[in-house]
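Enquirer: Sequence:
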Amino acid sequence: MGPVRKYVGERALQGEEPFGWALSYLLGNVSWFRFWVIMWNLEYWIPLPPRLDGEICSLGWMECLRQTSFGEANTRLLIAAHCIVVIMMGLGVVFQLSSLVEVDTRRKVFHGMMVLMFLPTIYIDPAFCALALALVLSIFLLLDLFRASQMPPISRPLTYFLAPYVDGRDHRGPVIISHIFLLIGCSIPLWLSLADIPRSEDHPWGAWNVQFRDVSMVSGVVCVGLGDAAASLVGRRFGRRKWFWGGGKSLEGSVAFAAAVTGGLVFARLWLAAGQWAVHGNDGQNQVFWLWTVCKAIIAAAGTSATEAILTGCNDNVVVPIVLWLLVRGLGL
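Numbering (our numbering), first residue to last: 243 to 575.
Just so you know, the hints here were simulated from the structure itself, not pulled from any lab data.
It cannot be assumed that every hint is accurate.
Derived CB-CB ranges, DEER-like [to be verified]:
#1 W278 / L384: 29 to 37 angstroms
#2 Q453 / A516: 12 to 20 angstroms
#3 R482 / V250: 47 to 55 angstroms
Glycine included, each C-beta is placed from N, C-alpha and C at the ideal position.
Please put together the full structure from these sequences, using the hints given.
Expert: See below:
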């Protein structure tokens with residue numbers, strides 16, 4: 243534990259102590275927490291962020307709210323609370339539908355939960371959402387390891403909980419992959435986007451604040467949460483014309499996938515402009531710009547839909563989001 247802690251502090255946290263940094267990252271703007279840190283002289287261990295004034299508002303109204311009105315740490319707590327509320331509501335819907343609809347429809351509720359949790363919030367704090375997805379993925383892997391190894395006392399409850407939402411396609415040996423690949427598909431585009439975006443130098447979270455946002459950050463959520471769900475729901479109910487190369491995919495499902503992804507990408511670009519976040523290149527608001535944006539979204543969605551229809555030998559929740567990310571980045575959406 244000691245060497246890992248030292249390595250993380252040096253490589254990822256600019257030399258800060260990981261546990262103290264984590265407390266600051268989540269609670270650094272809470273008034274009572276700041277008071278006790280200062281009273282007990284713990285600032286050497288828990289680096290507190292500075293109080294910012296209204297000058298930051300020049301970066302856009304969302305950044306003004308995040309950094310000066312609420313505080314960055316408080317915003318992270320609000321994002322976490324938002325996700326918890328969505329999860330509770332989603333589970334309530336799933337339990338209500340358990341006796342009414344088939345497995346595939348119930349599974350798409352989880353796709354919708356991913357959209358509600360991350361499509362509005364990734365732009366607000368991309369690094370925090372990326373970290374949260376990585377942590378949740380790690381927890382899911384550990385829980386499925388416990389379940390697959392039949393480790394008491396949690397393996398049996400986990401098996402009973404997952405049983406109504408899985409079928410034969412979800413198993414690779416003893417491992418259930420559907421929820422893991424759902425998370426991976428939403429996460430990889432965000433992780434790839436963050437790899438080349440410049441970071442701010444503000445202490446103590448300089449490396450964890452990005453200077454720009456772009457649509458490719460949410461392409462995984464749009465692809466898996468909207469596109470895959472629409473293709474499955476429409477294709478299973480209304481799919482009559484199958485693609486000639488086989489694989490079971492229908493033309494109707496592919497059109498639904500493209501339409502859902504197009505709508506998701508356009509919404510993501512509108513939300514990016516409405517929040518006034520800094521972006522690479524031109525962020526004009528004229529009609530030609532938005533017409534060209536819609537055209538780019540259609541091209542990206544059509545290319546991704548074609549890929550999803552052709553791929554039959556691998557899990558499309560992982561591969562297809564990467565294809566959409568490449569198209570969105572290549573088109574400069």
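Enquirer: Each hint should be assessed against the structure and marked as holding or not.
Expert: Structure-based check of all given hints:
| no. | hint | in the structure |
| --- | --- | --- |
| 1 | W278 / L384: 29 to 37 angstroms | 32 angstroms, holds |
| 2 | Q453 / A516: 12 to 20 angstroms | 19 angstroms, holds |
| 3 | R482 / V250: 47 to 55 angstroms | 54 angstroms, holds |
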